[in-house]
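Trainee: So the protein lines, in turn, are chains A and B.
Under our numbering, read the first sequence as residues 1 to 424, first letter to last.
Under our numbering, read the second sequence as residues 1 to 424, first letter to last.
Watch out, some of these pointers could steer you wrong.
As the list claims (entries may be wrong) - Interface residues of chain A toward chain B, partial, derived using beta-carbon atoms under 7 Å:
| hint | residue |
| --- | --- |
| 1 | Thr133 |
| 2 | Leu290 |
| 3 | Val305 |
| 4 | Val418 |
Unchecked claim - Simulated pairs of lysine to any residue, SDA-like, Cα-Cα distance not exceeding 20 Å:
| hint | chain 1 | residue 1 | chain 2 | residue 2 |
| --- | --- | --- | --- | --- |
| 5 | A | Lys214 | B | Lys145 |
| 6 | A | Lys378 | B | Lys102 |
| 7 | B | Lys217 | A | Asp334 |
| 8 | B | Lys378 | A | Lys252 |
| 9 | B | Lys217 | B | Gly179 |
| 10 | B | Lys145 | A | Ile338 |
| 11 | A | Lys396 | B | Pro246 |
| 12 | A | Lys145 | B | Gln401 |
| 13 | A | Lys145 | A | Arg84 |
| 14 | A | Lys214 | A | Val247 |
| 15 | B | Lys39 | B | Lys87 |
| 16 | A | Lys378 | B | Gln222 |
| 17 | A | Lys214 | B | Gln401 |
| 18 | A | Lys21 | B | Ser144 |
| 19 | A | Lys145 | B | Gln77 |
| 20 | A | Lys217 | B | Glu190 |
| 21 | A | Lys217 | B | Pro246 |
| 22 | B | Lys145 | A | Lys414 |
| 23 | A | Lys214 | B | Pro337 |
| 24 | A | Lys217 | B | Ser398 |
| 25 | A | Lys252 | B | Asp54 |
| 26 | A | Lys252 | A | Asn281 |
| 27 | B | Lys165 | A | Gln401 |
| 28 | B | Lys87 | B | Glu106 |
| 29 | B | Lys145 | A | Ala344 |
| 30 | A | Lys113 | A | Arg84 |
| 31 | A | Lys378 | B | Asn232 |
| 32 | B | Lys396 | B | Val354 |
| 33 | A | Lys214 | B | Ala364 |
| 34 | B | Lys217 | B | Asn232 |
| 35 | A | Lys414 | B | Leu226 |
| 36 | A | Lys217 | B | Thr342 |
| 37 | A | Lys396 | B | Leu226 |
| 38 | B | Lys217 | A | Glu397 |
| 39 | A | Lys414 | B | Gln222 |
| 40 | A | Lys214 | B | Glu340 |
Treat the hints as calculated values from the structure; they're not laboratory data.
Yeah, the Cβ is synthetic: ideal placement off N, Cα and C, and Gly gets one too.
Protein chains: 2
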Amino acid sequence: MSTKTTLGILGLGTVGTGVVKLLRDNPQFEIRAIAVRDKNKQREVDLADFHVTDNAFELADDPNIEVIVEVAGGIGQVHEVVKRAIKNGKHIITANKEMIAKHGPEIFEAANKHNVTVFFEAAVGGGIPLISTMQRGLQANRISKVAGIVNGTTNYILTMMEQEKKPFAEALREAQAKGYAEADPTDDIEGNDVVYKIAILASLAFQSPVEVGKIYKQGITQISDLDIQLANEFGYRIKMIGLAQPVGDTGKIDVRAHPMLVPLHHPLAGIEGVNNAIFINGSAVGEVMLSGPGAGQFPTASAVVGDIFNLASALKLPDFARYFQPAMNSTTCDVCPIEETTNAYYIRLETLDVPGVIGHLGLACGEHGVSLLGLVQKGVTDEGVATIVLLTHQVKESQLQAALGDIRRQLTTKEIPVVLRVLR
Amino acid sequence: MSTKTTLGILGLGTVGTGVVKLLRDNPQFEIRAIAVRDKNKQREVDLADFHVTDNAFELADDPNIEVIVEVAGGIGQVHEVVKRAIKNGKHIITANKEMIAKHGPEIFEAANKHNVTVFFEAAVGGGIPLISTMQRGLQANRISKVAGIVNGTTNYILTMMEQEKKPFAEALREAQAKGYAEADPTDDIEGNDVVYKIAILASLAFQSPVEVGKIYKQGITQISDLDIQLANEFGYRIKMIGLAQPVGDTGKIDVRAHPMLVPLHHPLAGIEGVNNAIFINGSAVGEVMLSGPGAGQFPTASAVVGDIFNLASALKLPDFARYFQPAMNSTTCDVCPIEETTNAYYIRLETLDVPGVIGHLGLACGEHGVSLLGLVQKGVTDEGVATIVLLTHQVKESQLQAALGDIRRQLTTKEIPVVLRVLR
């Protein structure tokens with residue numbers, strides 16, 4: 001038996017390919033087998049080094065595989081393979097929101113019985129570590145609301161409809177061309193995908209199963225560019241939202257998946273393209289928001305591989321020592337002196353209000369390679385002191401300091417009260 | 001020996017009081033002792049049930065305490081107590097950024113030697129589960145940048161200076177009056193607090209210790225309301241930023257703590273008051289952002305108590321089953337039907353362009369208790385069809401549906417193509 005953690009990868013689509021790329025050279029893991037639908041299909045990764053099968057049950061039955069990484073999606077056969085793998089004592093890592101949302105209760109019951117773990121960070125929020133945040137980071141909280149943008153496809157379509165004034169059908173075609181929507185986009189545009197995801201988040205937040213069939217949904221297919229424009233005129237942007245919250249103390253929860261008008265100043269209004277963003281309200285923490293790429297090969301593979309790492313180390317306490325102990329590192333971090341960094345700058349000067357001042361400033365800057373992006377002179381005091389603000393292009397701090405040194409020595413300069421750096 | 005996890009709380013300031021409030025009634029934990037500086041001080045929580053001491057070393061030496069929760073802050077004696085507790089085999093949970101940033105290497109070496117764990121989620125980002133996200137959720141990633149707003153006090157001061165046009169000294173006094181700044185605000189306004197926090201984040205991101213003394217810092221004391229106004233005119237907002245990134249492949253890292261001009265459309269520009277927000281760039285995931293309350297009693301206590309829960313369960317695999325298994329719950333979540341939910345609505349109608357249409361709409365709404373917030377009529381087609389948009393106040397879905405039913409039955413109504421809900 002290998003000392004590496006042995007994996008069987010089920011599915012080699014976009015996400016599966018990303019997982020193989022991220023793990024290929026990792027000494028801690030060994031990919032024992034990959035199950036695909038079509039063995040003859042041309043692939044993005046070289047499969048020569050791997051055992052490839054078109055019989056997914058082979059993975060579930062292979063005694064040399066410890067962990068099944070299910071990135072095939074859908075239910076049907078995939079669900080059967082997962083059940084058999086659990087029965088055979090294998091841990092499961094899955095990106096399959098539909099399977100977890102619909103069959104979670106049964107899957108976790110089997111996992112408990114056979115003493116294995118099922119991780120599913122990639123099922124919601126793509127690369128955003130949302131599940132682990134709810135499950136670990138916010139343990140001290142009673143959650144009172146989870147809401148946000150959890151479907152990248154519809155957010156991309158709505159963004160295109162607004163920013164490029166495209167009708168729905170054209171925005172959908174563009175999303176398909178870019179690989180953000182599937183050939184059959186029903187699950188995304190009719191809201192099923194959001195239903196699965198909000199069902200999972202509601203289960204975690206309110207600690208009991210949610211029946212997917214009871215969740216209200218509304219897709220985005222009715223929305224025209226006219227609605228988007230009208231919503232804008234009222235001060236809103238239209239976003240596809242998943243939402244879950246208890247209804248007072250009735251014991252009921254309000255879980256739904258539908259487009260909503262979001263006020264333009266609301267942080268969710270600024271989430272564009274395939275990005276996702278989720279608000280979580282906790283009894284102790286208040287409101288936290290997580291945002292990031294909600295789809296795509298590497299973001300989603302990042303979540304899957306994160307689960308693989310966490311599973312492999314689940315029996316060990318987290319080991320922060322390796323980050324902090326010089327003995328475990330070749331050296332401490334070598335901090336770069338500020339003089340060697342490159343920044344754009346905002347400089348506020350006080351100068352005498354005499355002719356030639358701005359020319360002198362420009363010369364001092366030019367001499368040290370500091371290029372100006374903007375210059376504003378603000379009034380003059382009764383004492384004849386002018387306030388000048390310079391905005392520079394990117395330049396090395398040492399060059400800026402040299403220019404500032406020259407400026408400070410100019411007889412017309414009274415003071416340089418503030419130098420600030422500009423965030424790129 | 002108790003079957004509960006036994007805790008010793010070191011410090012009973014704002015955060016310590018929050019921790020006691022959150023844990024007081026939790027059956028899983030027992031607070032064995034609380035160490036305070038002044039036993040006679042009036043407290044927010046009733047201490048009658050607790051053993052209170054003014055000798056902090058008593059906690060470190062008590063064989064009945066398994067975990068020391070250090071929420072006193074500062075170094076000096078606190079650091080000595082922590083060292084002795086580690087030597088005595090106790091786990092440490094700390095909110096102390098200064099201690100971790102300055103003495104991390106030594107503390108983690110001792111912890112390793114004595115086989116105990118040191119958790120410090122509350123040291124950075126208040127209630128935002130930032131440490132666990134970097135340490136667990138993003139394990140598959142090489143981090144290329146960490147940057148953001150990590151100090152609530154300076155963000156509050158800068159927000160006040162901008163929004164209420166207050167000078168620095170007045171904004172600082174207000175922050176002190178509200179408990180957001182300490183009586184001696186030096187660590188916050190001179191940038192030390194950001195230095196400690198960014199040192200910790202850089203250590204985690206780049207997996208080696210960072211010498212705090214080498215980190216460049218600039219406080220916010222030089223910034224006048226004039227700078228804030230000028231920055232605005234250029235399209236920027238001034239924010240106190242911590243930043244860490246490798247410098248190309250030089251092996252050096254660029255770590256700093258200083259105010260920066262942030263473009264107004266940048267998400268960090270929208271982070272107001274004592275909130276924090278941190279961007280993390282990962283090789284696989286791309287850019288994720290976490291935001292939320294960066295300070296305050298319960299947000300910070302949420303992070304401390306989260307660590308306590310995680311530590312207590314660290315030897316067990318996460319158990320998702322309890323959320324998904326009906327057998328482990330009294331029942332599945334009872335999903336509230338959409339008819340029982342309350343929302344504001346956007347309704348787009350097509351009607352005949354004849355007199356009285358709007359009156360009929362208004363009557364139908366009024367009859368079912370649907371109150372209108374806005375109504376817009378948009379042009380008329382050649383066929384005499386008018387587009388009307390209604391925006392309603394909050395109302396029960398069933399009432400809205402009843403009103404829509406009436407409207408649909410009106411002879412002047414052609415169609416109701418879209419009904420959307422408005423996010424509060």
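Trainee: Can you name, in rising order, the numbers of the hints this structure does not satisfy?
Mentor: 5, 6, 8, 9, 12, 13, 15, 19, 20, 21, 22, 25, 27, 32, 33, 34, 37
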